[in-house]
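Just need the whole structure built from these sequences, with the hints factored in.
The chain contents come next:
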Amino acid sequence: MTPILQIRDLQVSYYTDLGRATALNKVNLDLNSGEKLGLVGESGSGKSTMALAMMRMIKPPGRIEGGSVTVGGVDLMQLSDEEMRMSRLSRIAYIPQGAMNSLNPVMRIGAQMIDAVRAHVPDMSKEEMTERCMQSLESVDLKRNVFSMYAHELSGGMKQRVCIAIGILLKPQVIIADEPTSALDVVTQRQVMETIDRVQKEIGTAVILIGHDMGLMAQFVDKVAVMYAGRLTEVSTVRDMFTNPMHPYAQALIKSLPNLSNKGVFQGIPGLAPSLLRIPSGCAFHPRCEKAMDICKTDVPAVERYDGDRLVACHLYAERA
Amino acid sequence: MKLRLILRRVAFLIMVVWAASTITFFIPRMSDRNPIRERFAELARTGGFSASDLEVIVASYNKKFGLDKPLWEQYVDYIGSVARLDLGVSLNRFPKTVMEIIYESLPWTIVLLFVSAILSFVIGNLLGAVAAWPKSPAWMRSVATPFIMFMGVPPVLLAIFLLFFLAFRLKLFPLGQAYSTGIAPDWSLSFVMNVAWHQVLPAVSMILGSVGGWVLSMRGMGVTIQGEDYVNFAEHKGLSGRTIFRDYYLRNALLPQVTGFALALGSLITSGAVVESLYALPGLGQKLSQAIQANDFLVIYGIVLFITMSVATLMVLVEFLYPLLDPRIKQD
Numbered sequence: 043m044t045p046i047l048q049i050r051d052l053q054v055s056y057y058t059d060l061g062r063a064t065a066l067n068k069v070n071l072d073l074n075s076g077e078k079l080g081l082v083g084e085s086g087s088g089k090s091t092m093a094l095a096m097m098r099m100i101k102p103p104g105r106i107e108g109g110s111v112t113v114g115g116v117d118l119m120q121l122s123d124e125e126m127r128m129s130r131l132s133r134i135a136y137i138p139q140g141a142m143n144s145l146n147p148v149m150r151i152g153a154q155m156i157d158a159v160r161a162h163v164p165d166m167s168k169e170e171m172t173e174r175c176m177q178s179l180e181s182v183d184l185k186r187n188v189f190s191m192y193a194h195e196l197s198g199g200m201k202q203r204v205c206i207a208i209g210i211l212l213k214p215q216v217i218i219a220d221e222p223t224s225a226l227d228v229v230t231q232r233q234v235m236e237t238i239d240r241v242q243k244e245i246g247t248a249v250i251l252i253g254h255d256m257g258l259m260a261q262f263v264d265k266v267a268v269m270y271a272g273r274l275t276e277v278s279t280v281r282d283m284f285t286n287p288m289h290p291y292a293q294a295l296i297k298s299l300p301n302l303s304n305k306g307v308f309q310g311i312p313g314l315a316p317s318l319l320r321i322p323s324g325c326a327f328h329p330r331c332e333k334a335m336d337i338c339k340t341d342v343p344a345v346e347r348y349d350g351d352r353l354v355a356c357h358l359y360a361e362r363a
Numbered sequence: 191m192k193l194r195l196i197l198r199r200v201a202f203l204i205m206v207v208w209a210a211s212t213i214t215f216f217i218p219r220m221s222d223r224n225p226i227r228e229r230f231a232e233l234a235r236t237g238g239f240s241a242s243d244l245e246v247i248v249a250s251y252n253k254k255f256g257l258d259k260p261l262w263e264q265y266v267d268y269i270g271s272v273a274r275l276d277l278g279v280s281l282n283r284f285p286k287t288v289m290e291i292i293y294e295s296l297p298w299t300i301v302l303l304f305v306s307a308i309l310s311f312v313i314g315n316l317l318g319a320v321a322a323w324p325k326s327p328a329w330m331r332s333v334a335t336p337f338i339m340f341m342g343v344p345p346v347l348l349a350i351f352l353l354f355f356l357a358f359r360l361k362l363f364p365l366g367q368a369y370s371t372g373i374a375p376d377w378s379l380s381f382v383m384n385v386a387w388h389q390v391l392p393a394v395s396m397i398l399g400s401v402g403g404w405v406l407s408m409r410g411m412g413v414t415i416q417g418e419d420y421v422n423f424a425e426h427k428g429l430s431g432r433t434i435f436r437d438y439y440l441r442n443a444l445l446p447q448v449t450g451f452a453l454a455l456g457s458l459i460t461s462g463a464v465v466e467s468l469y470a471l472p473g474l475g476q477k478l479s480q481a482i483q484a485n486d487f488l489v490i491y492g493i494v495l496f497i498t499m500s501v502a503t504l505m506v507l508v509e510f511l512y513p514l515l516d517p518r519i520k521q522d
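For the record, the sequence lines run as chains F and U.
Following the working numbering, the numbering of the first sequence begins with 43 at its first residue and continues without gaps.
Following the working numbering, the numbering of the second sequence begins with 191 at its first residue and continues without gaps.
The set of hints was computed from the structure by calculation and includes no laboratory data.
All residues carry an ideal CB built from backbone N, CA and C; glycine is no exception.
Certain hints may be false.
To be verified - Some residues of chain F that are not near chain U, with every Cβ distance over 12 Å (derived):
{"hint": "1", "residue": "Glu84"}
{"hint": "2", "residue": "Ile245"}
{"hint": "3", "residue": "Ile337"}
What the hints assert, rightly or not - Here are the simulated lysine-lysine pairs, BS3-like style, with alpha carbons at most 25 Å apart:
{"hint": "4", "chain 1": "F", "residue 1": "Lys68", "chain 2": "F", "residue 2": "Lys339"}
{"hint": "5", "chain 1": "U", "residue 1": "Lys520", "chain 2": "F", "residue 2": "Lys185"}
{"hint": "6", "chain 1": "U", "residue 1": "Lys325", "chain 2": "F", "residue 2": "Lys101"}
What the hints assert, rightly or not - Some chain F residues close to chain U (C-beta under 8 Å, calculated; not the full set):
{"hint": "7", "residue": "Ser132"}
{"hint": "8", "residue": "Tyr136"}
{"hint": "9", "residue": "Pro138"}
{"hint": "10", "residue": "Asn143"}
{"hint": "11", "residue": "Ser144"}
{"hint": "12", "residue": "Pro147"}
{"hint": "13", "residue": "Val148"}
{"hint": "14", "residue": "Met149"}
{"hint": "15", "residue": "Ala158"}
{"hint": "16", "residue": "Tyr192"}
{"hint": "17", "residue": "His194"}
{"hint": "18", "residue": "Ser197"}
{"hint": "19", "residue": "Gly198"}
Rendered as structure tokens:
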């Protein structure tokens, strides 16, 4: 099966007064239809940049330096600006962290859904558009009357659902959800995640879920990708990632999670995430890595495939590849 | 609930009118100039009656207008007549009533103020919005700059400058007046055109001075709004740039500007008075400055009261209209 989403050598830099910050460094990723991928990493590791790059929404001083993002056989990077605009929401949709401020306060929810449909299928009749928006609202467990309400009349969880409802309006092949549950309480978090889970099964798209909450992710995604300093360090299934992480950074991340057996003893990761302006030579994680070897300081480890479907970028396993 | 709010606003309006009329009552009275004496002294100079007759005439008129009573008694009488919406007569142009003066000068002021207020609001806010929008072409963004410069020039100076160069030197526009002398006011197209022609320079001097303020505040608002999540999400939805600009960016950025509009009308009346005098337009502002010069305090009271009431009413109106623009503000 050809993956629905293929990212090849995606590279993004921000040009700051202090120099060029490489936010995304030759990232490769494949995702099949119906697959759910969790993208985790520290703040500033490039998660959101990756989402924005896929939508081609990197704003100056940022720039997509190269690479390709292929969705359903179409390379988004080769499209004209107008073609890209039409692809947003219809080929690849972005669901923002919607609890707070992602909906226009002075427009009714319905109007904000209709304008999205109209931008892509202008010749659809008004009734048909309304019906599609209503159905979309229902599929995220909202009542039809939300259509004629304003954002301030909704709770945080409901606003997030509206954002999801907008995201699935045109049944895109890939949905990126950028921290869809932050700023929500845990009960609502779970409900929102279940909603994403259900609509994803209904329309069978690939979903990329960005977030910090490994526990929440573990329950909903198929694969987890760990980012560090603009590079993917490991992509594994949830089970492999949580029981047997391979990359030392992934290991440290998993170790830092609270669990029932080592109550109260959390193990942090020594050191700080590097500045993207001065990414360490070789493997970016080597200054903080317990198992660092000489080669780690000089050579960037290539992403290799292990045990069939695990992708790890680490010199430790070089001989196993 | 709605009724109670309206009642509260009306009570507030009455308070404002009372406060304004009290302040305006006492200020002209601090000087001991008597407009009646001044007027008859003028007549006496041109011949007609003697100085002793003058005192008798002034005394009888003072009695007629109640100016011989103690000040507090006059104040009570005055508040009473304000409550009856009786603004009295002009002391200087007796028997003309203050209402008549307001009535004949009001249309000129309304035309000048509203046209320039609305035009500068529209031009200023559009320029400001465009200036803050990152995707607008560079030339469109730089158009705003000269208007910001004009903001620092007092409208009087601007008016004199325009009058001198465009009207006096280049003769492109008439030298003041509301319409050409020698034609009679009617509703014919040629008369309306004539009036419009005469309004261009006064309006331009008002607009040039106030556009810059709108540009600056709108540009500030625009920079804030374009960073909002909903503008970003609108782009993620694949909306056209025009839709995002109009429905997501401009509509939200305009909200505080609308409040500013009601406030600006008040200060516009002040600069309008100066511009009206310079261009010899027979509007409220011109009448007010004439009344102040003659210390014709009943006219001063009347016009100031009228302006206060109009601005206060407009503010209340804006407050009631605001929920239509911003659904978050519901009055109940």
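**Item:** Interface hint for proline 138 of chain F, Cβ within 8 Å of any Cβ on chain U
**Value:** holds, 5 Å
**Asked** Has the given pair, lysine 68 of chain F with lysine 339 of chain F, been kept, meaning a C-alpha gap of at most 25 Å?
**Response** holds, 19 Å
**Item:** Given pair status - lysine 185 of chain F, lysine 520 of chain U, alpha carbons within 25 Å
**Value:** holds, 23 Å
**Prompt:** Is it true that the CA of lysine 325 of chain U sits at most 25 Å from the CA of lysine 101 of chain F?
**Reply:** Distance ~11 Å between lysine 325 of chain U and lysine 101 of chain F Cα, so the pair holds.
**Status of the hint placing methionine 149 of chain F at chain U (closest C-beta pair under 8 Å)** = holds, 6 Å
**Given hint serine 132 of chain F near chain U, where the shortest CB pair must fall under 8 Å** = Status holds, d = 7 Å.
**Message:** A closest beta-carbon separation below 8 Å is what the hint needs, so does tyrosine 192 of chain F meet it against chain U?
**Reply:** At about 5 Å, which falls below the 8 Å cut-off, the nearest Cβ of chain U leaves the hint on tyrosine 192 of chain F intact, so it holds.
**Request:** Classify the label on isoleucine 245 of chain F as holds or violated, using whether its beta-carbon is more than 12 Å from each beta-carbon of chain U.
**Result:** Its Cβ never comes within 12 Å of chain U, the nearest being 17 Å, so this holds.
**Interface hint for proline 147 of chain F, Cβ within 8 Å of any Cβ on chain U** = Holds: closest Cβ of chain U sits about 6 Å from proline 147 of chain F, inside 8 Å.
**Item:** Restraint check, 8 Å cut-off on beta carbons, for glycine 198 of chain F near chain U
**Value:** It is violated, given that the least Cβ distance between glycine 198 of chain F and chain U is near 13 Å, above 8 Å.
**Request:** Decide, holds or violated, for the assertion that all CB atoms of chain U are farther than 12 Å from the CB of isoleucine 337 of chain F.
**Result:** holds, 42 Å
**Message:** Using the nearest Cβ pair, does tyrosine 136 of chain F come within less than 8 Å of chain U?
**Reply:** At about 4 Å, which falls below the 8 Å cut-off, the nearest Cβ of chain U leaves the hint on tyrosine 136 of chain F intact, so it holds.
Of the numbered hints stated above, those contradicted by the structure are hints 18, 19, listed in ascending order.
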